[in-house]
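Guided by the hints, dock chain B onto chain A, whose structure is given.
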Amino acid sequence: MKVICDRAALLEGINIESGVVASRTPRPQLTCIKLIAEKTGDTGRLTLAATDAEMSLRLISERVDVQEPGEALLPATTIRQIISAEDAEANLSFESEGDACTIRGADAYFKVLGYDPKDFPAVPEFAEAAKNAKAVFSHPASSFRRLITKTLFATARENSRYAINGVLLKRDGKRLEFVSTDGRRLAVARANLGPDEKDGGAVTCIIPSKALSTLLKLADDPDETIRIAITDNQIYFAIGAESNDDPGRACLASNLVEGSFPPYEDVIPRDQDIIVRFDRDVMLSAVRRAALLTNEESRGVEMSFNAADKTLELSSAAPELGESKITVDLLEYKGDDISLGFNPAFISDALKVIEEPEVIIELSTPKKPGVIKAGSDFVYVVMPVNIQ
Amino acid sequence: MQSGPIPFTAVRTILHVDLDAFFASVEQLDDPSLRGRPVLVGGTGPRGVVAAASYEARVFGCHSAMPTAVARRLCPHAVVVKPRGDRYSELSRRVFEIMESATPLIQPLSIDEAFLDVSGSVRLLGEGRAIAVKLRQQIKAETGLTASVGVATNKFLAKLASDLEKPDGLVVIEPERVREVLDPLPVSRIPGVGPAAEKRLHAIGVRTIGDLAKLPETVASSRLGSFGSHVWRLAQGEDDRPVTPDREAKSIGHERTFGADLEDPEEVRAVMLREAEDVARRLRRHGLHAKSVTVKIRFGDFKTITRAATLEEPTESTRELSAAAVELFDAWIGKEGFRPVRLIGVTASHLSKGSGAQPGLFDPPEARDKRAALDKAADAIAERFGKDAIRSARALRRPQDR
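These protein sequence lines are chains A and B, in that order. If you use my numbering, the first sequence corresponds to residues 601 to 988, in order. If you use my numbering, the second sequence corresponds to residues 8 to 409, in order.
To be clear, the hints were calculated from the coordinates, so they are not data collected in a lab. This list has only true hints and no planted wrong ones.
Derived DSSO-like pairs (lysine-lysine); straight-line CA-CA distance at most 30 Å:
id: 1; chain 1: A; residue 1: K967; chain 2: B; residue 2: K298
id: 2; chain 1: B; residue 1: K298; chain 2: A; residue 2: K968
id: 3; chain 1: A; residue 1: K968; chain 2: A; residue 2: K910
id: 4; chain 1: A; residue 1: K952; chain 2: B; residue 2: K298
All figures in this text were calculated on a predicted structure; none of them were measured in a lab.
The following block holds chain A by itself, in its conformation from the complex:
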């Protein structure tokens, strides 16, 4: 293999692939990135591939000059550091010699020891997966980003009871729904399916958080389309793909999270008595300020709503730290006065991902969950904390 690459473009790809490789594994191949150089007509094509055995990512770049097709399997950390440090160079050349590879700039030469590319696990093709898929459909990258951003933050790391270390994807005839929870709060984001995609059957699956955070880095072009295939135990995303046979510029495949998602629909309260409309930025600032005087021992912020004045007073107090009081003017208030406690991070997390300038919170009693709503496509349920 001999290939000359645009350094900046290559670094971008290597950085994303470095996030995929396994951090701790007895198999050194899983800490490597595979480079595959091909010639297609007069242009060259370089594919970068990495996997941690749970998910795999292939990135395709056309901004390369392939002088000799071939493959190399190189430790991700080492090549990322070299490509990043060679910042005076516009181009870098890669030339494989057996399992090693030399990287050359104008004044530098590196020989990096790698592994036999044949020892790299086979990375499945989108087209192959699409044949056996339960569902295949396309969705705009911009909408996908929104769905991920509005749910990924509320996932749990590990949970023994439920499979909540990922986001539930639910697709029915008309809509795509993402749901996440860490057991104390729940985020639901919805998007309509495009006119051509409405007829597919219903499907649900749980996507691991790592796959979605990687996807977030990839889905940065709002005009692109993402093609999705869901099989019994895997999900495939082809970014920028027009059809099942088009690999697009990036293809991410991930195992699904096994296990059951909690019965989340049962915990979304309906018909709450108190309905409050407020300005998102004003509230976010107030919650952040009140959070300054909380600590691990006293995490709750008390929210006292006053119906007559249409105001909210946020107060916090932490032993050995101090206390705060912040007043917020509300836009609209329906219902009786109520006072309850929330973990301020849980409120600000949601307000941060809401794009609408006005937000609604619905409440019933100090022990029952509150519901934050923005527009028609975001519902967030949050459990209050005990305030003493």
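Only chain B this time, still in chain A's reference frame:
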């Protein structure tokens, strides 16, 4: 009006309060027939250890941490009494309440011992000696127990002082008497000077605290390393460590050593459940929630392992604490296989006041309230009739039932 700790550059008044032979004194207090007789409080089984010896028993060389069997040999007519932890805690709480009337700056060292910084109370309550006299009277009047108190300008001297005329003593070391008191004492009286350091000091002819105080500081630190200059400063009678009240216990735990190793995992689980129940009850009594649970397992060969888990949310619930403890134990069995157990312990740590406790979304509040009500009812029964009056059925399987 000064608030908070007095800066340690100012002259401080520090008290060290130490209840005399605490557990044994409580037993003699509650059972008049034991008064004047040698009493050993401790386990009676083959592996029992003395937790406290009355002064009558100490005459025969009995002391705490000694195997009960050995103490019995030294003093065959001693009465051996099983410890009653709840009663000791109750009296200890009462004594700490009395101390709190003198100052909020109390640093508990154990159930029966504490440092008090009364510097801020001197104008209100009188000088150190007067405060000490009053505390001793109050403790005697309200609990019937005697306390030895040392009064000095720092912790080191105060602790030394309380020990000088034990039991039932009150010693004040005034600044002008520091050398007179310290100089003749052996260097081993300085905390931290163990047999090794003592040997090294003896090698250069340093036997008493007075000898050490006369050395240049550099010689002390070259003999004893980095720790040497701290020890040298103590020998000078200087100690600027503040009295740091730790508001809460850092952990609450129970452990039990078995007379014979437990061969059945189900028996170990039953003991763990009882320990977890007791730990949870103590958490609730102190209004605390725990974020971590640790299980300690010791085998017949004394090899000891500990396994800890962090809970999703701080808890005071018997059920959650027990579940976490048993889960740790089962995970250990699953990974390494069961071996007979000599000791099992359950400890709750990362304690906090329950404020900000976050109930779960998928844990219906009704079920949660029911469990809390159950815990509360069980606590009330245990408070009234003793903790073995109410146990969960699974916890009732006892080794002796075999």
